Amino acid sequence: MAGAPRLFVPEVIQTSAMDCGPAALKSLLDGFGIPVSYGRLREACQTDVDGTSVDMLEELAARLGLDAEQSMLPRDHLFLPETRALPAIVVLSLANGNLHFVVVWKRWRNFVQIMDPALGRRWVPVARLLDQLFVHAMPVSAEAFREWAGTEEFLAGLRHWLSALVDESFAERQVTEALGDSTWKSLACLDATVRLVQTLVEGGGVQRGETAAKFVEQLLREVRSALEEGRAEQLIPSTYWTAVGPPDAEELNLRGAVCVTARGLRSGERGKDEAPLPPELEAALREAPTRPLRELVALLRRDGVLAPAVLAAIGVTAAVGGFLEALLLRGVIDAGRYLTTPGQRIAGIVTLITLLGVLLTLELPLALGTLHLGRRLELRLRLAFLDKIPRLGDRYFRSRLVSDMAQRCHVIHQVRTVPTLAVTLLRAFVELLVTLAGLMWLAPRSTPLILLAGGLALTIPVLAQRTLLEADRRMRDFDGVLSGFYLDAMRGSVALRAHRAGPTIRRAQEEPLHEFLSAARALLRRGVTIETFASFAATGGSVAIVVHALSQGLQPGAVLLLVYWAQAVVTLGRQISEGLRQYPAASSLTGRLMEPLLAPNEVDKSVALATRPSTERPAGAARGVGFSLRQVEVRAAGHTLLQGIDLSVRPGEHVAIVGPSGAGKSSLVGLLLGWHRAAGGQIEVEGAPLEGEALWRLRRETAWVDPEVSLWNRSMVDNLTYGADAGEVLPRVGQALHRADLIELIDKLPEGLQTRLGEGGGLLSGGEGQRVRLGRALLRPGVRLVIFDEPFRGLERDRRTALLERARQGFEGATLLCIMHDIAETLSFDRVLVIKGGQLVEDGTPQTLAAREDSHYRALLNEESAMQRELSGRDGWRRLVLDQGVLTERRGEEGNAHGE
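Counted the way full-length UniProt numbering counts, the sequence shown spans residues 1 to 900.
Keep in mind the hints are simulated off the structure, nothing from the lab.
Note that the structure is a prediction, hence the values are computed from the model and not measured.
Every residue gets a Cβ at the ideal spot worked out from N, C-alpha and C, and that includes glycine.
Dumping the calculated SDA-like pairs for lysine to any residue here, alpha-carbon to alpha-carbon at most 25 Å: (1) K836 to Q868; (2) K106 to A164; (3) K106 to P81; (4) K836 to A851; (5) K836 to G674.
Simulated restraints, written as ranges between beta carbons of each label pair: (6) G502 to H372: 43 to 53 Å; (7) G844 to D488: 40 to 50 Å; (8) E251 to F134: 20 to 30 Å.
With the hints as constraints, model all of the structure from the sequences given.
Shown next as structure tokens:
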């Protein structure tokens with residue numbers, strides 16, 4: 001097989017519940033030596049392709065260079081060596097009912113090596129994994145099943161289980177007899193019979209060998225007769241059948257485990273007729289692996305190379321100075337023989353003290369310079385983050401956990417330790433080399449032992465870095481998963497308390513917390529083991545050096561120096577081991593910090609576009625923006641959101657978008673906002689494709705009102721003028737306050753426009769927050785496109801009507817798209833789009849659509865009217881109105897008069 005897989009499956013931990021597909025695919029590709037960028041692959045699976053579809057994973061694996069094939073096997077055939085189905089991506093069914101992709105890599109006896117994107121690399125019992133497999137059921141033609149059941153892929157598993165029950169000759173005889181039947185029945189009956197008998201044998205009800213053979217033959221005859229009579233599932237339960245149906249059925253119900261098997265690297269070049277890879281997949285293949293520490297060095301070089309070079313020189317000098325200090329101390333022992341006069345002895349003492357003073361003097365600038373370098377590195381990294389974040393695309397943030405991104409920013413301060421670690425390792429390494437040179441000078445006949453001891457002190461920690469790096473990254477990835485869990489728990493803390501869901505949340509926390517602790521213990525255990533082994537090796541080498549050198553008859557002073565330097569080898573080896581032990585943490589930290597900085601910009605000219613005046617348009621251009629969608633299809637997160645959308649909107653047109661919840665209305669406007677990329681079809685704005693610079697220009701000219709739009713913990717006036725030049729829009733604040741119905745709210749606020757609104761606008765009600773968002777949109781300059789998505793949620797009907805009318809007046813001349821569930825309010829619009837099931841089912845004027853008997857729009861109007869009549873006329877309902885803190889009750893007629 002071309003491109004043999006690695007011994008151990010590469011570990012790729014997902015950071016979102018939606019990422020198991022891309023994570024499993026990356027692990028499979030890396031295992032066959034095809035490096036891909038996980039970030040780019042995740043973004044591709046969130047946009048152009050369906051990241052949770054087995055069909056798409058098969059297609060992606062093939063297009064990225066693997067000889068991959070999707071197949072469906074009986075559940076108990078999947079892990080048999082005879083079927084050659086591994087390595088493969090398989091689907092598990094989790095305890096909560098969700099489906100989950102894992103990579104099953106190799107089998108060893110009763111265990112299989114898997115890579116679970118949620119938990120990492122593991123060895124699990126085959127029986128346990130079989131219980132977790134998702135068994136897929138689908139209808140297939142009887143002819144197709146017979147053709148598939150006659151393949152070696154299916155028959156190999158059947159022979160395996162028959163041989164396990166009796167022997168190979170019995171298995172071959174039964175399979176040959178079943179193959180003699182040109183219909184599907186004999187193979188299906190044999191498969192179900194063998195599976196049932198195997199269960200009975202494992203339970204102790206039937207003995208293997210001759211007894212099992214007779215039982216199989218007898219049961220098989222009865223099953224065939226029962227199948228002809230249409231009662232096969234009464235004799236053998238349906239769970240034992242791979243395929244079953246009526247005796248004369250043309251279509252069978254096929255059950256089995258679906259997998260994407262990788263048989264090696266795909267041979268040959270990409271075909272000429274094969275469609276080119278999408279940009280995201282090209283980027284996933286071409287993006288070079290990141291070198292986090294190298295990127296940090298590049299950041300440091302922006303301040304020049306002088307400071308790092310000076311620190312390195314000081315560190316080397318301090319290391320050499322320690323060597324000279326040892327030589328002088330050795331000379332003190334023999335000083336009495338050479339320094340005979342008091343003057344000579346005083347000069348020797350002064351020289352020794354001077355050297356010690358110089359070494360101490362070097363330590364201070366080394367420590368201060370290292371700390372300064374760390375602070376400068378942190379500052380550079382923070383500035384790089386601030387500069388990079390506006391350049392990243394929406395898909396980058398939508399494919400990552402908010403908690404994961406927040407944690408990266410939170411731990412930037414830890415990067416200060418990287419220069420300290422680098423200087424420590426450099427100094428220890430130089431000092432070790434100098435010490436080894438000194439030992440060889442003292443005992444030249446012991447040079448082989450000295451080189452061996454030094455090699456062990458260096459080689460063992462270096463060779464251990466890969467396993468330490470994997471363990472550290474695994475721990476940090478689970479730390480990111482826990483951060484997401486805690487963020488979700490804090491966001492939903494009120495609801496959790498209200499529903500008394502604390503025990504449920506604690507149980508959900510147990511598994512990721514257990515995996516995090518296991519990863520942390522594994523990292524500590526590996527580090528301690530490696531350090532202990534390195535210390536023992538270095539100590540043994542040092543003892544051997546001393547013993548061998550003593551046998552050469554050294555002088556007493558030389559012996560003491562030899563012992564001192566031999567022990568120094570042990571100490572320096574321990575320092576290097578400890579420094580290299582910290583390297584994985586520094587590498588993981590810098591890798592996570594640098595990943596956003598190394599991600600491609602969505603638009604290279606984003607900064608220039610952000611500062612370009614939004615009023616820069618050709619003379620005579622219409623104020624509104626026109627756009628068209630041609631056979632647009634949108635797929636994301638395993639679902640088709642939109643399909644076959646054909647639509648053209650004229651400049652300045654006001655369009656209402658209605659339809660059931662989940663129909664795809666927000667996804668439609670999300671195309672214009674850049675949330676989604678069309679998986680098929682084309683989007684044009686004023687005749688140009690909506691991508692790159694055109695998308696950024698449209699954003700600069702778009703006003704968006706949606707409950708998801710953030711309100712900040714700043715003053716009311718800051719929230720209203722957010723995103724615009726305050727000096728330019730302040731003269732229009734009064735008009736915006738009136739149109740957004742905010743005058744009364746401003747009067748109630750303790751500090752008026754200077755009142756802080758709280759985190760996320762928490763000091764406002766839902767309806768008040770929506771009016772603030774509307775006021776912000778009205779103050780946005782140069783608006784050509786307006787998108788309202790349930791803009792007046794939380795407001796009473798009469799206020800919604802008035803606000804909608806004033807808002808449309810404020811955006812007169814701009815193109816306006818309004819998503820609403822108040823169907824009656826859309827009668828005043830120029831045009832109505834009805835979205836249902838991800839498709840545009842109706843498009844026209846509201847009056848025309850309402851007049852048609854078979855119109856979906858009319859049906860929505862009638863449903864809304866009927867619901868209002870039912871609520872107003874039903875007995876037992878009371879109408880309580882809370883106004884200005886006063887609770888009153890209104891009669892039905894009075895409530896209807898107020899539109900309640």
